[in-house]
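Okay, here's what each chain looks like letter by letter:
There are 2 protein chains.
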Amino acid sequence: MDKEIFRRHGHELVDWIADYFENVESFPVMSRVKPGEIRSRIPSVPPESPEAMDRIFEDFKTVILPGITHWQHPNWHAYFPANNSPESVLGELLTAGLGVQGMVWQTSPAAAELEDAVLEWMRRLLGLPEGLAGVIQDTASTATLCALLSARERATDFQSNERGLKKPLIVYASEEAHSSVEKGVKIAGFGRENLRLIPSGPDFAMLPGQLEEAILRDKAAGLEPCCAVATLGTTSSGAVDPLPEIGPIARRHGLWLHVDAAYAGSAALLPEKRWILDGAEHIDSLVFNPHKWLLTNFDCSLYFVKDPGSLVRTFEIHPEYLKTGADPYVKNYRDWGIQLGRRFRALKLWFVVRSYGAEGLRAFVREHIRLAQLFKGWVAADPRFEVMAPAHFGLVCFRLNDGRGEAELAALNKALMDRLNATGRAYFTHTVLHGKFTLRMVIGQRTTRERHVRAAWALIQETAAGLEVKPSA
Amino acid sequence: MDKEIFRRHGHELVDWIADYFENVESFPVMSRVKPGEIRSRIPSVPPESPEAMDRIFEDFKTVILPGITHWQHPNWHAYFPANNSPESVLGELLTAGLGVQGMVWQTSPAAAELEDAVLEWMRRLLGLPEGLAGVIQDTASTATLCALLSARERATDFQSNERGLKKPLIVYASEEAHSSVEKGVKIAGFGRENLRLIPSGPDFAMLPGQLEEAILRDKAAGLEPCCAVATLGTTSSGAVDPLPEIGPIARRHGLWLHVDAAYAGSAALLPEKRWILDGAEHIDSLVFNPHKWLLTNFDCSLYFVKDPGSLVRTFEIHPEYLKTGADPYVKNYRDWGIQLGRRFRALKLWFVVRSYGAEGLRAFVREHIRLAQLFKGWVAADPRFEVMAPAHFGLVCFRLNDGRGEAELAALNKALMDRLNATGRAYFTHTVLHGKFTLRMVIGQRTTRERHVRAAWALIQETAAGLEVKPSA
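Those protein sequences? They're chains A and B, same order as listed.
Under my numbering, the residue at position 407 of the first sequence is numbered 632, and the numbers go up by one with no gaps.
Under my numbering, the residue at position 331 of the second sequence is numbered 556, and the numbers go up by one with no gaps.
Be aware that a few hints might be false.
A pair counts as met if it fits within one copy or between any two copies, since identical chains are not told apart.
Stated by the list, open to error - Within a straight-line C-alpha distance of at most 30 Å, the following computed DSSO-like cross-link-like pairs (lysine-lysine) qualify: (1) Lys286 with Lys556; (2) Lys228 with Lys286; (3) Lys391 with Lys444; (4) Lys548 with Lys639; (5) Lys286 with Lys259; (6) Lys661 with Lys639; (7) Lys548 with Lys286; (8) Lys531 with Lys548; (9) Lys444 with Lys548.
Since the hints were derived computationally from the structure, they do not count as laboratory data.
Model the full assembly from the supplied sequences, consistent with the hints where possible.
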């Protein structure tokens, strides 16, 4: 593709994205295609001869687009957000154009040093303790795995790397912790039977007393407690495990304390939400995803560690072909995680933070929390509905409840969710909280305004009206 | 940023990238900044107020660009290539704009089904056995870790996930295998002492007889052989471990056979190089990186498995909040690897394969191999130099050798490399082959033409002339 053709198509795609940002509301949020429908429209063999970009882009619009679920739709209320922003897209575009692979400092000093600088910016914005060192990972799953591996190595004096894990080490997390903890426990060779899921209270936050009891029970049984994972903003309900109590317990028993703030870390930008990090002086590591709620397109997950030495010692490798003269003087991020190869992700985050400024980022997050409180109030005021959990952030858990039994309520609320999603006007997902089927209303897309939240609530009320909900008891 | 401003900056960045593709030769290949130089030019605190994109982009050009090492320079001869292409950049741009996170089918059916379709295209293009199922990972490090974990679980009837790894399982790889094997062995809890590095022959390929002896030795000692990793195109020299002999050995002893074709997989597109996959009927898994030599910008690593069931069983998690009605009917790629979140990477690969067509891709790879042969001939004809390894692909290993001792030769060749890199006109890295310090000439960037290879050779000759090399004995 020659230069002028690239320019032409590049401009065309930029314009398409500009229009898409504007008209994304016109698409059904959740794709309506059936399993196999897209696949059946793609030839089973690759083309032998080159095809023109006009034709490929046409196929993108006619074949691929109907199979897209629109994460950037302002009525995206499912899972957590993975919002982006024009600024972040521009950063990602430059990253792709440069085609830098930042595995070691020498392969692009600016990639390493901008990452170092921007992570320090983020540490300050979140009010994390001084001295925490940061690295960009792809996802929180990877970052949490890094934490578990560092904990494993520290607990075995770095001998598990050498000899394999020879004894059971115990990991603790709330029953409401993300599935990536269980996945990491399996990958790192702890074994799922050595993961203790600590009960949560009525607010779905981990009960610290139960944590300490579990640790003591394991110690009494001759087992070795190794790592505790606290979650700030659980996936199901946005619950906040109490660091001020969990921290001292972890410290007292010599556990690595990892904090999963993947979603709610963004809220720590706000003075009024900074309390979620009370107790942060106790943490060994923390993960926070700007690719969820902070306008930075996926993937961009920040991992902070108190003792980077133990992280590097867990992952370092020294093949001859990766040695450089700069090694004694620089950070080689290849030793800060699972992967060797690294995309230049710091660039888009730098674009976002500078474009919005700290005040812009705070205003953005604060507005979503305001809208969630508004929505929560509407739910609480409608006798057919109930609010299912505290709503600290941009997530409100709710359901219809007319007093029928739990199984019937689950079916009723699942029917509500399926009907809502079938309209294409909004997209919701569910969870189960202490046995109760619950809908999740997540507010976090860049273009979500009060009118979208009002429209979503009107849609929910109207859809519920078609479901023969009895007046509440 | 409003629509018109995004359009303006988007066009500006596209134009900048178009120019960059054209004038990348004007930059020193390896950045010349000193450690800390870039960092010192970035404020230590983030801006409180928004900054204009004009200013940010200006800083990109003045602060960041000098710290970039130019992977897309036609005289990039270091490591392996990580080439990109205008087509791939366009695909990545759309991926960023859509902001899709394809963790489960429902969160974008097109992302899942296009991935499935394009991986089948790639399987056909490489001539891999029918029935192999594919998934896109970020890097070969991750894919190899997936293979090691699947091997671990299969060998323990999926009980390591549940109970931890209770007994030593042994992994085999060539002494020339990539460092990601050692890293994966540590992460997955095997322990480095349970990794056997099998000697390589004069061509740096694994000696299959030595592999079988090691397996028998371990069995006799009561240990359990679990996994063998064969490399097609080793990092140091591009050596090809012989699958036709390794395959039956792995099968005979019940080992999981993983193939690392991260770099040289691209060569399997060519009928004349298809021999590297002879014996592929024995493999359990294979990794191949289009982000190295196949015009697809980083990251895009393809992982193929014979039995996807064992992969899924290794990684599957079923939290309530991820369940969807489509689950029984679709591939949920979240269970095909380490991470939960997934970028829509198939789009750029689809753009590349369609834009170039199979014939275009083959012509591209074939030309680099021709250039490498040309270079090898020049080296062989100059009595000051020697070729250090067979050159099957786009990599030629060479060094100055005037008969002095090995330590002195290492210093001499390191001096040659440092002087070459300091010119900024080309970038080379080194390795050590059977104890001998060796330079690597890698030809694989999109815009590398014969004139660039000729210029690199002239530069090498001229630089060597300044090094007081004695006439060869």
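So, going through the hints one by one against the coordinates:
When the C-alpha separation of lysine 286 and lysine 556 is checked against a cutoff of 30 Å, the pair qualifies only between copies, where the shortest distance is 23 Å, while the shortest distance within a copy is 43 Å. In this assembly of identical chains, lysine 228 and lysine 286 lie within 30 Å of each other by CA distance both inside one copy and across copies; the values are 24 Å within and 20 Å between. Both within a single protomer and between protomers do lysine 391 and lysine 444 lie at most 30 Å apart by alpha-carbon distance, with minima of 17 Å and 20 Å respectively. For the identical chains of this complex, lysine 548 and lysine 639 are inter-copy neighbours only, at 12 Å across copies versus 56 Å inside a copy, given an alpha-carbon limit of 30 Å.
When the C-alpha separation of lysine 286 and lysine 259 is checked against a cutoff of 30 Å, the pair qualifies only within one copy, where the shortest distance is 18 Å, while the shortest distance between copies is 46 Å. In the homo-oligomer, the alpha carbons of lysine 661 and lysine 639 lie at most 30 Å apart inside one protomer (11 Å), although the nearest pairing across protomers, at 66 Å, exceeds that limit. Only between protomers do lysine 548 and lysine 286 lie at most 30 Å apart by alpha-carbon distance; the minimum there is 29 Å, versus 46 Å within a single protomer. Taking the shortest alpha-carbon separations for lysine 531 and lysine 548, only the intra-copy value of 26 Å comes in at or below 30 Å, while the best inter-copy value is 35 Å.
In this assembly of identical chains, the alpha carbons of lysine 444 and lysine 548 never lie at most 30 Å apart, being 43 Å within a copy and 36 Å across copies at closest.
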